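Protein sequence lines correspond, in order, to chains Y and W.
First residue of the first sequence? That's 1 in this note's numbering, and the numbers climb one at a time after it.
First residue of the second sequence? That's 1 in this note's numbering, and the numbers climb one at a time after it.
Derived from the structure by calculation, the hints contain no laboratory data.
If you're wondering where the values come from, they're calculated on a predicted model, not measured in any experiment.
Positions of the beta carbon are idealized from the N, C-alpha and C atoms, including for glycine.
Some hints here could point you the wrong way.
A partial selection of chain W residues facing chain Y, derived with a Cβ cut-off under 8 Å [what the hints assert, rightly or not]:
1. Leu152
2. Gly154
3. Pro155
4. Ala160
5. Val166
6. Gly167
7. Gln345
8. Leu355
9. Met359
Far from chain Y by the CB rule (all over 10 Å, computed), these chain W residues [stated by the list, open to error]:
10. Leu48
11. Leu64
12. Asp69
13. Pro70
14. Trp374
15. Gly385
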Amino acid sequence: MQQFVNVTLSGLIQGSIFAAFALALVLIWRSTRIVNFAQGSMAAATSFIALALIHSGQSYWLALVVALAAGFVLGAVVERVIVRPVEGGPELNAVIVTLGLFVAIQALIAIIAGSEFQSFPAPFGLRGFTFGSTTIALTPNSVFVLIAVLITMVLLVALFRFTRVGLAMRASAFGQEVARLLGVRVGRMLTLGWALAAVVGSLSGLLIAGGGLVYPAYMDSLIVFGFVAAILGGLDSPIGAIVGGLLLGLALSYVSGYVPRGSGLVNLAALVILMVVLLVRPGGLFASSTARRA
Amino acid sequence: MSEPQSPANARAGDELIEETPFTATAAANAPSAQAAGGRSFLPKSTLLRHLLILVLSAVGAVILLEVTDPFTNSQLASLTYYAIAAGGLTVLTGMNGQISLGHGALMAVGAYTTALFLGVDGEPLPLPVIFLVAVAISTIVGALVGVAAARLHGPYLAGATLALAVGLPGLALYFRDTLGGEQGLRVRAPEPPASFTNFIDLVSGNPASGTKWLAYVGVICLLITFFLLANLVRSRIGRTWRAVRDQEVAAELAGIDLGAWRVLAFVVSAACAGLAGAVLALVVRLAAPSGFTLVLSLALLTAIVIGGLGSLLGALLGSALLVFLPPFVTNLGGDFGLDQTKAAQLAPFVYGVVLIVAMIFAPAGIVGTIRLRWMTARAKRAVAGRAAHGG
Numbered sequence: 001m002q003q004f005v006n007v008t009l010s011g012l013i014q015g016s017i018f019a020a021f022a023l024a025l026v027l028i029w030r031s032t033r034i035v036n037f038a039q040g041s042m043a044a045a046t047s048f049i050a051l052a053l054i055h056s057g058q059s060y061w062l063a064l065v066v067a068l069a070a071g072f073v074l075g076a077v078v079e080r081v082i083v084r085p086v087e088g089g090p091e092l093n094a095v096i097v098t099l100g101l102f103v104a105i106q107a108l109i110a111i112i113a114g115s116e117f118q119s120f121p122a123p124f125g126l127r128g129f130t131f132g133s134t135t136i137a138l139t140p141n142s143v144f145v146l147i148a149v150l151i152t153m154v155l156l157v158a159l160f161r162f163t164r165v166g167l168a169m170r171a172s173a174f175g176q177e178v179a180r181l182l183g184v185r186v187g188r189m190l191t192l193g194w195a196l197a198a199v200v201g202s203l204s205g206l207l208i209a210g211g212g213l214v215y216p217a218y219m220d221s222l223i224v225f226g227f228v229a230a231i232l233g234g235l236d237s238p239i240g241a242i243v244g245g246l247l248l249g250l251a252l253s254y255v256s257g258y259v260p261r262g263s264g265l266v267n268l269a270a271l272v273i274l275m276v277v278l279l280v281r282p283g284g285l286f287a288s289s290t291a292r293r294a
Numbered sequence: 001m002s003e004p005q006s007p008a009n010a011r012a013g014d015e016l017i018e019e020t021p022f023t024a025t026a027a028a029n030a031p032s033a034q035a036a037g038g039r040s041f042l043p044k045s046t047l048l049r050h051l052l053i054l055v056l057s058a059v060g061a062v063i064l065l066e067v068t069d070p071f072t073n074s075q076l077a078s079l080t081y082y083a084i085a086a087g088g089l090t091v092l093t094g095m096n097g098q099i100s101l102g103h104g105a106l107m108a109v110g111a112y113t114t115a116l117f118l119g120v121d122g123e124p125l126p127l128p129v130i131f132l133v134a135v136a137i138s139t140i141v142g143a144l145v146g147v148a149a150a151r152l153h154g155p156y157l158a159g160a161t162l163a164l165a166v167g168l169p170g171l172a173l174y175f176r177d178t179l180g181g182e183q184g185l186r187v188r189a190p191e192p193p194a195s196f197t198n199f200i201d202l203v204s205g206n207p208a209s210g211t212k213w214l215a216y217v218g219v220i221c222l223l224i225t226f227f228l229l230a231n232l233v234r235s236r237i238g239r240t241w242r243a244v245r246d247q248e249v250a251a252e253l254a255g256i257d258l259g260a261w262r263v264l265a266f267v268v269s270a271a272c273a274g275l276a277g278a279v280l281a282l283v284v285r286l287a288a289p290s291g292f293t294l295v296l297s298l299a300l301l302t303a304i305v306i307g308g309l310g311s312l313l314g315a316l317l318g319s320a321l322l323v324f325l326p327p328f329v330t331n332l333g334g335d336f337g338l339d340q341t342k343a344a345q346l347a348p349f350v351y352g353v354v355l356i357v358a359m360i361f362a363p364a365g366i367v368g369t370i371r372l373r374w375m376t377a378r379a380k381r382a383v384a385g386r387a388a389h390g391g
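The task is simple: from the sequences and hints, build the whole structure.
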């Protein structure tokens, strides 16, 4: 029973990070119909910026803010300079460009910061809360993770629901030409969308790094998990991405918690889940009746 | 079919506007010199032409291997397995429009199969049999992936095969006892047979070392693979693949089963990857998860993109880049004061930059861009000639 509670809890915490990362992918997909495979590398880059600041003696919170700001700038620059020329073109071209960006940024991190494993500090304690004599897998740091993800979600919903910019961004994603005719600066909205997505991606990179090890490729499996979570939710729906992320977190946590030597199988389990979803319900778990050819 | 689906082709042929081709698969669209009716000394029959090229390439390869030093021999051996895998991938991506980031994982299947069969107690099976088994097993894995992949396109397919590339090496860790875990399996390369030693003695008198033998094995596999692929893409099968890529609806109306043909393309491509993995296991003498990372799959993608998607010659040129560029940029990095491990990362950095720059400025790659320029120039001349004649 205690193991079940612990495995479920760590699944939910992992899942909330997957959800944030999947949300970043969905934000970009909705506005530009591009899956940003470079998201993981971009997030890793901002984590290394944060790590450099922490090593130079700054506080975790300053490093967090600077890293998120760097993510914002990076996302905007990437969209404007690299992705804009292939937007709206053949889908293969855009896929290849983001893959190129993925490997280039990762290699650049290794050239600047080195490839060795470095420990990344956590802002809060990593010892589980104790009830009587039992310790559960919920730590102060994981409470921070949950709250950070929750705040991000609320802010994004507020932005899209209640502000003019959010409305303009939704309009550009919904119908570029109509939005342009009505005076929306669609190009700027796309840049802003990528920048916001990069901030959310960076946040999930920082959260998953907290209390663990970072190296240039540490986001490789997260890009897969985020993609699987986004597909679970249908790639088009922010709510779907969040539910998909939580479901995937739980599923992978059960695999690594209950299958003997299961930690080696986590990536493979994600592959199996992805294949099953794509073959059985290509539109995601929450697809409406309109079928889409995935 | 009111609008032409391949803008590069339409532009080059009809409007004569000299533009950089806009689709990534433009190289595959351009017909060969023969099909375009150009002046050529090569025979008209496709099979005869390819046989002639095969013989010439074989002679060229022997000369190349005999005049170069052992280190270059081993580099050329690496070139062969990159080129075999890239050849398969360029057929999949260029001809059929499917992207795969899972070819590194499929190479791992071939490499581990070879390592296991060469590592048996007692006398291992003959090398060609082992290669066939490696190809067969990776073909089966490829068919499984292909069935799923046939229903996907673009980013979905990229993401699914990405998951394959990240997930499959986990099997080597899970079956630690059979597959050697993180350390991987050492490969015992077989001794060169007596006939090979005699052959080398006859041709050049060089010592017939193990390295040279492996380079020859790689070259033989490469020539056979490219010969088969070249015939395949100029056949009914290749034409059907292009139809499936360019005009899904029209192809379906013409009675083509889209799914089945996509699976076939994936299977052919996976077979190449399996063979490439088998050669890799022999040349590197090791099959380990660290050899089949995502960077390998992305390196293959770089090779076919820079060469020109759909072009076998482009795949060969791109593979040469994968072999000869890393030592070059690593040395360059060393000169600029980077330490060894950091300088080693310059190669993947260049791959990434090349992918981006190529896609933005010349999506048709080296071969495709040159081919399209040449065709445009020829068409212009033809029009000018017609104008002069008529006027």
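We went through each hint and held it up to the structure:
1. Leu152: Holds, because the Cβ-Cβ distance from leucine 152 (chain W) to chain Y comes to roughly 6 Å (cut-off 8 Å).
2. Gly154: The hint holds - glycine 154 (chain W) has a Cβ within 8 Å of chain Y, the shortest such distance being about 4 Å.
3. Pro155: Cβ of proline 155 (chain W) sits 4 Å from chain Y, so the hint holds.
4. Ala160: Interface hint status for alanine 160 (chain W): holds (6 Å vs cutoff 8 Å).
5. Val166: Holds. Min distance 5 Å.
6. Gly167: 4 Å, holds
7. Gln345: Check passed: Cβ of glutamine 345 (chain W) comes within 4 Å of chain Y, closer than 8 Å.
8. Leu355: This hint holds: leucine 355 (chain W) lies near chain Y, its Cβ roughly 3 Å from the closest one there, short of 8 Å.
9. Met359: 5 Å, holds
10. Leu48: Nearest chain Y Cβ is 34 Å from leucine 48 (chain W), so the label holds.
11. Leu64: Check passes; 30 Å lies beyond 10 Å.
12. Asp69: 30 Å, holds
13. Pro70: Non-interface label stands for proline 70 (chain W): nearest chain Y Cβ at 30 Å, farther than 10 Å.
14. Trp374: Fine: 23 Å to the nearest Cβ keeps tryptophan 374 (chain W) off the interface.
15. Gly385: Correct as stated: the minimum Cβ-Cβ distance to chain Y is 34 Å, above 10 Å.
Taken one by one, the earlier hints all hold for this structure without exception.
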